[in-house]
Structures are given as C-alpha cells and as structure tokens.
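Colleague: Sequence:
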Amino acid sequence: RVCLLLVLIVCAMPPPSPLDVWLRVTLPSGRRWAALSDLSSRGVDPRGPELLRLFLLLESPSRRRTRRGGGAPPPRALRRAAAMALLALCRERPALGRSARAQAAIGRGIALALPPNVSAPRLLRGLLSPDECAALLAAAVAHGEAHGWGSLHRKYPTVDLPVAKLRGGGAVVSALQERAFPAFGRFFGEAYGPADALVMRDCFVAKYEAGGQSGLAGHVDASLLSLVMTLSPPGEFEGGGTHFEHAGRTLSPPQGDAVLFLGKVFHEGRPITRGTRFVLVALVDKRGTVAPPPPRPDEAAAGEAADSAEAADSVEGRG
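Start counting the sequence shown at 1; every next residue gets the next number (my numbering).
These are calculated hints, taken from the structure and not from any lab test. Don't take every hint at face value.
Here are the computed distance ranges between Cβ atoms for each label pair [what the hints assert, rightly or not]:
hint, residue 1, residue 2, range
1, T26, G275, 46 to 52 Å
2, R42, E238, 49 to 55 Å
3, P115, P234, 30 to 36 Å
4, E145, D45, 50 to 56 Å
5, R179, A146, 27 to 33 Å
6, G150, R91, 32 to 38 Å
7, G126, T26, 43 to 49 Å
All figures in this text were calculated on a predicted structure; none of them were measured in a lab. Backbone N, C-alpha and C fix where the C-beta goes; we use that ideal spot for every residue, glycine too.
Please take these sequences and the hints and turn them into a complete structure.
Modeller: Below, the structure is given as structure tokens:
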C-alpha cells in the first residue's frame with residue numbers, strides 16, 4: 001500500500017518546468033541545454049516567480065544570513081546556471097532587463113556566465129608615473145577649487161571632473177590610449193581589441209571623501225571596458241578599492257597602477273574610512289560593439305562543468 005501511495009503521489013506531481021531542469025546542474029548537459037532553449041522560447045512573466053527566483057539566486061552573495069532558513073549562498077555552479085538563464089531570457093525579450101534590479105542581476109550574471117579569464121579583473125602596473133599622477137591630481141584639485149566639482153553621471157553619480165577640462169588632460173588621454181588600450185585585448189582576448197578599434201567613451205577624475213561620498217554602490221558601467229587607476233599618493237586615505245563580488249576580490253592598487261575589467265561586470269566602489277581618495281576612470285568602447293560578446297555554448301558549458309566539479313558538493317561563500 002505504501003508503494004502504491006508513493007506511485008500515485010509521484011504520478012500526480014506536475015512535470016518539472018524548463019527552469020527546474022536547467023537549474024539541476026547534475027543532470028546530463030544535453031537535457032539541460034534543451035530545457036534552456038525551451039525556456040528562452042517560452043519566456044517568463046516579468047512579475048512571475050521564475051524571474052524572481054533567478055534574481056534571488058544571483059543576489060544571494062550580498063544578502064545577509066538569517067536565523068531562519070539557510071542564509072548561506074548557493075554553490076557557484078547553481079548561480080552560474082541562473083545567470084545564463086537570465087541572460088538567455090533577456091536576449092530574447094530585452095524588456096525583462098529594464099528595471100534597476102534586473103540590471104544589477106544581469107551585471108552579476110555576465111560576471112558568472114563568462115569564462116573566468118574574461119570576467120576576472122586585471123592589474124596594469126605603472127600606467128602613469130608618479131610625476132604624471134601628481135600633475136593630473138594637482139590640475140584636478142586646482143580646477144575644483146576654482147570652478148567646483150560636479151557629477152557627469154545621473155544613475156550612479158560620483159563627485160568628478162572630466163579630464164578634457166583639466167590642464168594636460170589631452171596628454172593623459174593620449175597616454176591611456178597608447179598604454180592601456182593594447183592591454184585590454186591582451187588581457188581579455190581578441191574580441192576586446194585591437195587597440196585602434198577602441199574609443200574613449202568617457203574619462204574623468206573622481207573624488208571620494210570620508211564623511212562625504214566615500215564610495216559607490218554596486219553597479220555596471222555604460223561601457224564595454226573600464227579602467228580605474230589610483231591617483232592619490234600612499235598614506236592619503238584608508239579603505240576603498242574596487243570590489244568584484246563574483247571574484248570575491250577588492251582591488252586597491254598603488255598610485256599609477258590600474259584595474260582593468262569589463263564594464264558590464266557587476267562591481268562596487270568600497271567606501272574609504274579616512275582621508276580623500278582620487279581615482280582616474282576611463283570608460284572604453286569598441287566601434288560597433290555595445291556589450292560584452294555572450295559566451296559561446298562550448299565556452300559556457302566548459303566553464304559550467306568546471307564550476308560543477310569544484311562546487312557541486314559544497315557551498316561557495318565568495319560568490
């Protein structure tokens with residue numbers, strides 16, 4: 001009787017949805033890719049539980065643990081699967097990605113869905129010399145004292161000044177194009193080069209102050225590629241740095257060194273706790289490209305398999 005009851009219960013259960021199948025990372029890959037294709041073609045309700053489920057999976061590293069229920073984030077393999085599902089859905093129906101919450105989830109998703117050698121931030125040493133940093137910093141401070149600081153950006157505002165308005169700004173932009181542009185293709189692959197195909201979208205000096213705007217909330221940039229370089233000399237501030245949630249890293253290189261990364265990868269400006277921190281920010285595009293190329297199925301499957309092997313039986317706390 002017990003066996004019969006179990007059979008009846010199983011038969012009465014609805015079949016798993018395409019999203020359920022895709023998120024079961026231990027199932028055969030062929031079945032899962034077919035489910036993802038089915039999910040993309042069907043779509044989801046913008047206010048329905050499936051989209052909310054993907055948001056919650058991607059947001060889990062930044063959510064606090066709770067006393068009730070499991071507060072620990074899911075394994076990286078599961079978050080990667082959620083990321084790829086969200087990107088596939090938004091590619092078919094761009095309207096799904098218009099909200100601020102969706103934009104943040106997409107930024108987290110890109111970081112997880114792309115191969116690690118593409119999504120990981122890179123350090124470029126000695127982009128500008130100490131003398132070049134000091135000259136640019138002095139020009140920014142002098143301009144700010146004479147004309148005030150402003151903000152070029154509305155959605156994620158910073159206290160900043162465009163480099164083009166500063167004394168010697170043209171030489172700085174030329175130096176970035178000559179020294180940093182070739183590094184993007186070298187670090188992230190030929191899809192992000194060559195240097196002569198890249199264009200400067202925006203270039204500015206940003207100021208963070210303890211007691212004022214000390215950091216910047218998690219976000220994605222409007223650019224294909226981004227660069228953040230420390231202008232302040234050692235000892236002028238404490239804290240700060242660019243935090244990459246998916247990598248579990250906060251990078252705050254010394255003066256003249258820069259962090260290079262994909263602009264659509266979710267990142268955060270960690271708050272400083274003392275002093276004033278000045279950074280040079282460059283937002284870079286490629287002619288004819290507005291977003292990181294999506295991962296090819298073979299790249300995505302290979303990365304997912306590696307994540308599954310590493311994290312299927314454990315909880316990845318770093319996201």
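Colleague: If a hint holds in the structure, say so; if it does not, say that too.
Modeller: Hints, one by one, checked against the model:
| no. | hint | in the structure |
| --- | --- | --- |
| 1 | T26 x G275: 46 to 52 Å | holds (50 Å) |
| 2 | R42 x E238: 49 to 55 Å | holds (51 Å) |
| 3 | P115 x P234: 30 to 36 Å | holds (35 Å) |
| 4 | E145 x D45: 50 to 56 Å | holds (54 Å) |
| 5 | R179 x A146: 27 to 33 Å | holds (29 Å) |
| 6 | G150 x R91: 32 to 38 Å | holds (36 Å) |
| 7 | G126 x T26: 43 to 49 Å | holds (46 Å) |
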